[in-house]
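Top line first, the protein sequences correspond to chains A and B. Here full-length UniProt numbering is used: the first residue of the first sequence is 1, the next is one more, and so on. Here full-length UniProt numbering is used: the first residue of the second sequence is 1, the next is one more, and so on.
Take these hints with a grain of salt, some might be off.
Identical copies go unnamed one by one, so any copy, or any two together, can satisfy a pair.
[Unchecked claim] Capping the alpha-carbon separation at 30 Å, the derived lysine-lysine pairs in DSS-like fashion look like this: (1) Lys122 to Lys35; (2) Lys122 to Lys54; (3) Lys33 to Lys54; (4) Lys122 to Lys33.
These aren't lab readings, by the way, just hints derived from the structure by calculation. Since this is a predicted model, take the numbers as computed values, not measurements.
Number of protein chains: 2
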Amino acid sequence: MAAPEIEQLIQLLSKLPGLGPRSARRAALHLVKKKETVLQPLSLALQRVDQAVKSCSVCGNLDGSDPCSICTDPRRDDRVICVVQDVADLWALERSNSFRGRYHVLGGTLSALDGIGPDDLKIDQLVERARDSGVEEIILATSATVDGQTTAHYIADCLEECAVLVSGLAHGVPVGGELDYLDDGTLSAALTARRKID
Amino acid sequence: MAAPEIEQLIQLLSKLPGLGPRSARRAALHLVKKKETVLQPLSLALQRVDQAVKSCSVCGNLDGSDPCSICTDPRRDDRVICVVQDVADLWALERSNSFRGRYHVLGGTLSALDGIGPDDLKIDQLVERARDSGVEEIILATSATVDGQTTAHYIADCLEECAVLVSGLAHGVPVGGELDYLDDGTLSAALTARRKID
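Work out the full structure: start from the sequences and follow the hints.
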């Protein structure tokens, strides 16, 4: 057995997603061996995140300021709000560099199995934002799973009273994807939504 | 892009063994979302390890005290020293609960490729310890790799002048291992070292 301090570190590391008991042990040993270059900077970064990062009261993004830097960015388009399940999805869209509007993070999807109802998600706040006269379109970018699509349909119903266009992401063949490896649902959606090549 | 504090955390996490950029991002998000239950305990554990854990001046083990708890344990056998490459190997042997002597952590193996010579390993300290009249056997438990075995042979030469028995781990079929999946070297070693079943 390692020292109790190290055992505790291993235990905490092994609870992180993507780390099992074995890799947590390797990571802990790496940290202990490189105190100055790895452990101390990580410890500092954790404290900084702990103090600085909070949830944006407008969109639910995690950032060092509230409202977050996306909500306060004057170069972004106020007219379009993209609704995502999770902050990770917001990050993915930001990495793709293809969206210049605002976001709204739901915090999950409706799920009968997990007992997540409309009140557990930030749907009321979204409807509130949609009522603003400046908003013209709401893009529902929830996952293409059953729960994600159920949530999208539910939100679309909630937004019916608002004067906004409600849209969803296109289905189709992923860029770089091989047809042979695609599921039937995606192939059929890609065929149905086929486009004229010009 | 996420907040700079989070980006820095992702960057530091992705340098840990077993975590790539993608899993580091997932781990960071998990940490930020569960500040009280995950981030703060981990931050505390890192600070505790940083302050408490040091390298044992006798054997090279990492522990909260120096000499370490294994070196000072009165129930352990002073007559046998097991030589391992790394603290991780010491942990593995301790988990197997099959050795009750003392340890000596080399801190690596001789390696011409990586430019690691005898002076970079704790070999002098081992010879010093072996000169003690109480030590009867030194078990060289380095890896069964070329570098590990080279190191073992080198150490065996260094220990020739000392009045100690120098031994190595047995080679053979791993317990639970299937013959079909074993390499030729292991199979041939297991055959050569075959034992009468009684």
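Output the numbers, in ascending order, of every earlier hint that fails for this structure. Hints that this structure does not satisfy do not exist here, as all of them hold.
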